[in-house]
Amino acid sequence: MRALRSPFLAPLVLALAAVAVYALADSNFVLRVASLVFIFGLAAIGLNILVGDAGQVSLGHAGFLGIGAYAVAVLPPQTGLHPLLAGIVGVGVAGVLALAVGRPVLRLKGHALAVATLGLGILIFMALTNEAWLTGGPDGMRVERLTLFGERIRGATNWYVITAVALVIGALIAASLKASPTGRALRALHDSEIAALTAGVDVARYKTIAFVISAVYAASAGVLLALFEGFVTPDVAGFLTSIELVTMVVLGGMGSIVGAVVGAAIITALPQVLTVFQEYEHMMLGLVMMAAMIGLRRGIVPSLLLLLTLPGRRGRDKR
Amino acid sequence: MSAELMQFAFSGLTVGAVYALVALGFTLIYNASGVINFAQGEFVMLGGMTTVFIGAAGVPLPLAAILAVAITVLIGLLLWALAIETARGANAVTLIIITIGASIFLRGATEVVFDKQFHALPAISGDDPIRVAGAAVLPQTVWVLGGALSVVVVLYAFMERTLIGKAVIATAANRIAAKLVGINTALIVGLSFGISAAIGALAGILVTPITLTSYDVGTLLALKGFAAAMLGGMGNPVGAVVGGLLVGLIEAFGAGLISSPYKDAFAFLVILAVLFFLPAGLFGRKSVERV
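Chains as they are written, first to last, in our numbering: chain A, 1 to 319; chain B, 1 to 291.
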């Protein structure tokens with residue numbers, strides 16, 4: 001069972017899962033839903049570094065998603081920038097913004113980051129909604145198709161491959177980070193800030209690093225989302241999206257890379273399944289969220305792993 | 001002060017009073033349990049919606065309002081007993097997700113049981129505006145402000161003058177010590193959920209004649225109430241009330257004088273500024289941690 005603890009198991013599992021889904025997929029619809037899962041999975045992996053490893057909550061992460069998405073929507077027609085360069089600009093802006101907000105706020109204890117990100121997310125959402133001359137307002141705007149080497153990128157299969165590769169790269173980077181001194185510092189400060197401080201960990205600095213990394217992940221996911229959908233609306237940056245992102249992380253398993261993607265798969269696919277229940281959809285979503293958090297409070301993947309690896313020590317789940 | 005500014009001040013105080021009551025609800029539950037209850041806005045929505053529908057069934061409105069408060073309290077207690085109490089000991093993020101799940105569930109249930117329309121209630125003392133220093137004030141505004149004031153006074157008396165109230169204060173101050181002197185802290189948490197639900201429902205009933213209600217008004221109220229509680233200093237009841245009124249005033253003056261599409265943004269801008277320069281909130285004590 002030692003293999004289950006290897007840091008690079010997660011990207012491998014995700015790569016294999018992506019290949020398996022591709023082999024089993026019988027329609028473009030499945031591939032498109034899977035691509036969405038990979039995109040949100042990427043954002044969730046990043047957010048998990050902040051929530052799961054550093055123990056900080058962000059209630060406005062969709063704002064960074066929105067910055068990435070609108071960068072590729074707005075910049076190419078306005079400035080003639082290539083969509084990929086526009087995406088890099090968007091990711092950069094998100095990172096700098098996270099640094100500017102995170103540095104003063106993360107010196108504080110408790111829920112300060114939750115409030116700050118809540119405010120930031122709503123401000124970004126309102127700017128995207130109200131500045132209609134630039135963003136098309138609440139109705140959203142079209143995104144130019146991505147062209148690479150003179151070829152327009154389209155088709156479910158192409159996007160499936162692109163998003164899957166992005167997800168695995170994101171998972172690889174997150175896995176290396178976890179195994180690095182930074183990853184250890186983050187987990188140390190999550191366990192006990194005082195102990196980490198005494199051991200020489202600059203708590204505020206490492207929390208800020210985690211916040212900036214998670215913002216960069218979210219903005220990258222936003223870039224992919226806009227290019228994939230070919231259309232963006234301010235809802236990508238809305239409060240509900242932020243909540244969904246946090247739910248993906250917590251539901252799938254805090255601190256678990258595979259867990260983040262499992263959470264993303266559930267939250268992305270659930271509305272498709274719940275349409276069967278029609279008007280009961282929201283009730284069911286709320287119920288699933290509550291039941292999962294009460295029943296599997298470490299999240300799905302860690303709870304299952306615990307059952308697998310420690311059959312005799314199940315009682316340890318109480319913390 | 002010109003009549004226009006007076007007008008902004010009154011409309012700010014009216015919504016501010018509702019934010020204050022939501023923030024007070026947040027504070028009560030946070031103090032007793034450390035849980036941030038994002039379903040707080042749904043209590044406000046339930047108060048308004050239930051009164052509308054019980055009233056539409058032919059029940060006289062005052063009775064409908066009392067029933068609505070009772071039903072909301074029951075839902076608050078159920079939320080505590082079924083979701084919060086069973087998840088006892090889970091970490092803060094997990095509990096936040098549970099309360100957000102509860103708020104989505106309550107919104108969905110309201111959509112199914114009632115409907116998705118906007119509803120109004122008749123104003124308690126009619127719609128003829130009162131003239132105050134050149135501003136037109138709806139009589140209902142007086143009811144909202146008076147209602148909020150009464151809630152604060154009654155709550156204060158309850159906390160300071162009754163044994164159960166003192167148990168709530170003791171639990172907020174130190175949960176383990178409270179347990180050691182024989183206080184059933186789990187029940188105190190349940191009680192705080194019940195009181196918060198009652199306060200929320202009352203706010204919803206009083207403000208519905210002015211702002212209307214529908215199944216989805218709770219989310220933004222919860223966000224603003226949370227922001228107001230943080231502005232005042234999380235955990236401080238006085239701070240919650242002042243924070244709520246301030247958020248309402250900032251919003252009204254920002255919308256009136258600067259830009260109305262960004263009405264909802266002003267409150268959050270101010271809160272970001274407070275976090276940067278006054279991290280503990282206006283009334284929060286500087287947190288000192290014992291090791």
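Honestly, I wouldn't trust all of these hints.
What the hints assert, rightly or not - Below 30 Å or equal to it, Euclidean Cα-Cα: the simulated DSBU-like pairs (lysine-lysine) are:
{"no.": "1", "chain 1": "B", "residue 1": "Lys263", "chain 2": "B", "residue 2": "Lys116"}
{"no.": "2", "chain 1": "B", "residue 1": "Lys116", "chain 2": "A", "residue 2": "Lys109"}
{"no.": "3", "chain 1": "B", "residue 1": "Lys166", "chain 2": "B", "residue 2": "Lys179"}
{"no.": "4", "chain 1": "B", "residue 1": "Lys166", "chain 2": "A", "residue 2": "Lys109"}
None of these hints come from the bench; they were simulated from the model.
Verification of the supplied hints:
1. Lys263(B) x Lys116(B): Judged against 30 Å, a Cα distance of about 24 Å means the pair holds.
2. Lys116(B) x Lys109(A): violated, 40 Å
3. Lys166(B) x Lys179(B): holds, 13 Å
4. Lys166(B) x Lys109(A): holds, 28 Å
Of the numbered hints given earlier, the model fails hint 2 alone.
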